[in-house]
Amino acid sequence: MKKFNIAIVGLGGQGIITMGTVMKNAALNSDLQDVSGSERRGGAQREGYVETFVKYIFYENIEEMNNPRKNMHSPMIESGGANALISLEPLETLRGIKYLNKDSIVIFNKTPYIPISVRMGKTKYPEISFIVSELQKVTKHIYYYDIDAISLEKFNSLTQKNIIALGILFAKAEIPISRTAVESILAQGKGAENNLKAFELGLNL
Amino acid sequence: MAKSNLFVNGSEGDKAIVLGNEAIARGALEAGIGYASMYPGTPASEIIAVLDKNKKYVENLYTEFSLNEHISLHGAIGASWSGIRSLCAMKNVGLNVASEPAQFLAYTGVKAGLVLAIGSDPGAPSSSNEQDDRWYSLHTYMPVMEPSNIQEAKDFTKDAFDVSEEFSFGIVLMAPSRLCHNAGALLFGNIRDRSNIKGNFKKDPENYLNLFSLAVKNHAKYLERNELLKKYLIESKFNKTVNDGSSKIGFISSGVIYAHLMETFDILGVYDHKILKLGFSFPISDELIKRFFEGLEKVVIVEEAEGFLEFQIKKIAYEIGFKGNIYGKEFFSRTGELTLDDVISGVSKFLEKPLPASFDFAVKKDRELSDKLPQRSGTFCIGCPHRSTFYSILKAVGFSNTEEKERDVVIAGDIGCYTLGLLPPYNAMDFLTCMNAGLSIGQAISNFDKSKKVIALVGDSTFYHSGIPVLLNAVQNGADILYIILDNSWTAMTGHQKTPTTQKDIDGKPLQNVLNLKDLIKSLGVSYVKSLDPNSVKRFSSQIKSALKEPGVKVLIAKRECILQEIRRNKSLLKNGANAAETGESLYEIQKSRCVKCNECFVELACPAIILKKDEDTGGDYYYIDPASCVKCGVCYEICPNSAIRKVEFDIKSEFKLDGKPLEITV
Chain F
-10 MKKFNIAIVG
0 LGGQGIITMG
10 TVMKNAALNS
20 DLQDVSGSER
30 RGGAQREGYV
40 ETFVKYIFYE
50 NIEEMNNPRK
60 NMHSPMIESG
70 GANALISLEP
80 LETLRGIKYL
90 NKDSIVIFNK
100 TPYIPISVRM
110 GKTKYPEISF
120 IVSELQKVTK
130 HIYYYDIDAI
140 SLEKFNSLTQ
150 KNIIALGILF
160 AKAEIPISRT
170 AVESILAQGK
180 GAENNLKAFE
190 LGLNL
Chain Z
24 MAKSNLFVNG
34 SEGDKAIVLG
44 NEAIARGALE
54 AGIGYASMYP
64 GTPASEIIAV
74 LDKNKKYVEN
84 LYTEFSLNEH
94 ISLHGAIGAS
104 WSGIRSLCAM
114 KNVGLNVASE
124 PAQFLAYTGV
134 KAGLVLAIGS
144 DPGAPSSSNE
154 QDDRWYSLHT
164 YMPVMEPSNI
174 QEAKDFTKDA
184 FDVSEEFSFG
194 IVLMAPSRLC
204 HNAGALLFGN
214 IRDRSNIKGN
224 FKKDPENYLN
234 LFSLAVKNHA
244 KYLERNELLK
254 KYLIESKFNK
264 TVNDGSSKIG
274 FISSGVIYAH
284 LMETFDILGV
294 YDHKILKLGF
304 SFPISDELIK
314 RFFEGLEKVV
324 IVEEAEGFLE
334 FQIKKIAYEI
344 GFKGNIYGKE
354 FFSRTGELTL
364 DDVISGVSKF
374 LEKPLPASFD
384 FAVKKDRELS
394 DKLPQRSGTF
404 CIGCPHRSTF
414 YSILKAVGFS
424 NTEEKERDVV
434 IAGDIGCYTL
444 GLLPPYNAMD
454 FLTCMNAGLS
464 IGQAISNFDK
474 SKKVIALVGD
484 STFYHSGIPV
494 LLNAVQNGAD
504 ILYIILDNSW
514 TAMTGHQKTP
524 TTQKDIDGKP
534 LQNVLNLKDL
544 IKSLGVSYVK
554 SLDPNSVKRF
564 SSQIKSALKE
574 PGVKVLIAKR
584 ECILQEIRRN
594 KSLLKNGANA
604 AETGESLYEI
614 QKSRCVKCNE
624 CFVELACPAI
634 ILKKDEDTGG
644 DYYYIDPASC
654 VKCGVCYEIC
664 PNSAIRKVEF
674 DIKSEFKLDG
684 KPLEITV
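Read top to bottom, the protein sequences are chains F and Z. Residue numbering for the first sequence follows this note's numbering, beginning at -10 and increasing consecutively. Residue numbering for the second sequence follows this note's numbering, beginning at 24 and increasing consecutively.
None of these hints come from the bench; they were simulated from the model. In this text, a Cβ means the ideal position worked out from N, Cα and C, and glycines have one as well. There are no misleading hints in this set.
Ranges between beta-carbon positions, derived for each pair: (1) F:Asn193 / Z:Lys221: 54 to 62 Å; (2) F:Tyr132 / Z:Lys670: 40 to 48 Å; (3) Z:Lys670 / F:Lys126: 43 to 51 Å; (4) Z:Ser400 / F:Asn193: 32 to 40 Å; (5) F:Thr128 / Z:Leu251: 56 to 64 Å.
Excised from the complex, chain F in its bound form:
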C-alpha cells in the first residue's frame, strides 16, 4: 500500500475546500485506489483558520483492499505525515508546520491577512523571513509566491489563487495523480476557462 497525503491550510473564503474537492475528484479512476480526508470549516465566517486533507491510498492488490487491517483510513493526517503542504496565508503555514517532515514539499502564498489580535496591537505578525527560517528547520523544499498579486494581475480577481497554487503543487511535487485528470475536473466546473488558465499559470511558475 502506498499513501500520499496533502494538507491544505488557509482562511475561510480562500477556496481551501474547493482545492481539496478538485484534488479528490481527480483520483477516481482506479479501482485499487481510495481517497479520504476531512475538512475543518471555520463556521461560515471569514478570517477563521480552515484546513482540508487529501489522502490518496493505492492498494497493491485486491486482498490488501479487502484486509480490515489495511482498508480503513483516518480522515486526518498525523503530525509529520504530509507529503505536501499548501498554505494560502503565510502565518497559517506555521500552524500547518506540524504536518511536515524532512521530505515534505511546502508551497505558500506570502500575502498576509492580519488577525484581529495583531490589529489591536496585542501581538506581532511574524516576518516572512522568520516563517521561512522556521520551515527550513524541517524541510528544504519550500516554495513561496505572492499568489494574491499574481491572481489579481492576471485575472483581476483573487478567485483564482487556489487553482494557481494547485498548478504550483504539480510543478514542484511528484503527485501520484495525473495533471490531465485535474484539468478535466476543472473543465467540468464553474469558471472553467479561467481555472484552466490559472492551473497552467501555476504549472509554469
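For this one, chain F is given, so just place chain Z on it according to the hints.
Chain Z in isolation, oriented as in the chain F frame:
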C-alpha cells in the same frame, strides 16, 4: 457532487466524491425515505440541505427546515406513523430540544423506519458545548449506530431503516464533524422504488396512546425489544471482530475513532492485536463482549469524550466476571476532539512502542511554535450588518475596545453568526450558553441587579426557534430589558436557510406569507418596538441609548439582510440581464493626508477590508481600504471622525460605454 447529479441518478457501480453528510442523505434516499427534516445546525446542515436542493428531481420526497428540533423530530414521527420512512437530522445540542419526542419514541415505537442523524462536534469548533448525545440512549433507548467512514455513512443509514422497522425503535446515526465534513469516495447502491410512497395513518391506540397504565405497558415492551435487539447484535454485520493475531491484548472502538485506530496500527506497524469494531454503540450485547474477551488479559477502549463505551463495557465485564484489566480514559482525553495524533500517542504509550521519529519531531516543533504565533479567530464577513450592530451597541454604552474599563451594561449573548461578537475586538457578550438563554437569563438578572442595564441579543432564526415564549414571559413578568433582534432574513450561519421573515428569494423572487415581525412583537404586549437599519450606526446607536432609558421590555429590530445573500442575489440579477444591481456604484477610499490613524475604523469597527499598508516613501504604515474585498457598505465612511474617508461615486453604465478610457469620477 459531479455535474450529472449522481446524488439523484446514481445507481450500483457508480462512484463519486461526496461529503459525509451527503452520504448519509444518499443512504436515506436509497432506503426510500419520503420525509426529511431538520433545524439547521453545523456540522449536520448539509444532510437535509442536499435533499431539499434535489427534491424537485425526486418523486414523493417532502423536505422541511423546521422551526426547531422538537417540531422536526415530531414531524418525522408523524410521517413514520403514516407509513413513510423518515429522516430527521440535527446537531448534537439539537437533541436537548428534541429530547422530549426522543423520550417518547421508544414507548410508542415507529411504523415505517425512522432515523435520527446527529452531527456531534467534539472540540466544539462550531458549537457551544461538546456534549456526547450517545448518553441520551441510556434513557431514551434509541439504538446508536456509528459509521467510521463515508461508505459506512451511506450503508449504515440505509440499513438503519430496516433495523428501525424490525425492532420498532427510532435509530440514532451518530456522525462527528470529522465524518460530516469528510469528503471521500462513495460507491452508490440502488434506490428503492419511489412510486408508491404514500401516507396512510392507521390508528394504533395500544402503542400511540401513552398514559397511565398504558405508558407502563409500553415501558415493558420497549425493554423487551431492547433485549431482542441485543440478541440480534451478537452476530450482526455491524459489529466486526478482527481476530487474526496471537496477542492477549484487545482493542475496542467505534465510529471515526476506529478509523484513527486502524491507521495508528499501520503507522506504528502493529498488526497482532484483537480488535472489536462496534457499529452499534448502544445497546451492546453481553454475549458479544463475552466472546471477544475470551483469552484476553488486557482490553483498551479507544473513544472520544467521557467514555460511553467504557461505561457500558465495564458493567458487562463485571456481570460476566472478566478477570482481565480494562483501560480507556487513562490513555485518551475526555475533553476536546480525539485526533489521529491523540490516538497514536495513546496507543504508543499503552503498548510502550516508540513514536515514529518524524511524528515526534513534528509534535515538538508545533509545541515550540504554537505559543509564539498570533491567534486567529473568525470574525464577521466584510459588510456584515452584525458588525454595525455591535459597533452601535458599544458606542451607545460608551465603551471602547482599547480602554480597559469595566462595562456597566450586561450584554446577553445568543446563538448565531452574531455570537462572534463575543470575540475580540468587540468582546460584547457577558454570557453565552444555549439558544434563547440570552433573554431568559437576562430577564432574571434585570430583576436582581437593578444597578445595571441589560441588553439581550437574538438572531431572527433563533428568535423563531424558541424565543417567542421567552419574550412573552419577559412581558408578563414585568422585566426591564432591551431586546435586540438581529434580523438578517436568513439562518445565515448554517448555509442560509429561509426564516419566516425572509422577504426575497436568492433569485429576487418575493416570498409568500412573510411574517410581520413588528406586528408579532406588538401582539405579545411590547409597546416599545422599533425597526432600524444597523448600518446607519449613528442613528442606531442613539436609538439604543434612548431605549435604555425607558422602563419595561423594549425591542429594537436591527433589520438588514445578510450581505452574502445580497451580493449573491445581485450577481445572479446581473447575470440574468437585470438593468441595475441593488447596491450603489461607489468606492470608498482613505485619504492618507487626512487620516490621523485614530483607529475608529481599523480597531473599533475592525472591518477586515481596511488593512495596514507599508508606505514606500516614508517607511511608515497607513490604512487602506482594499478595493478587492470592500463591499461598499459605507459604514467606515459614516463613522470616520475626521472625514478622511471619501466616497467616490460613478455611473456604472458610463463605465461600460467608456470601455478602455479613463473613468469619469464625480466626488
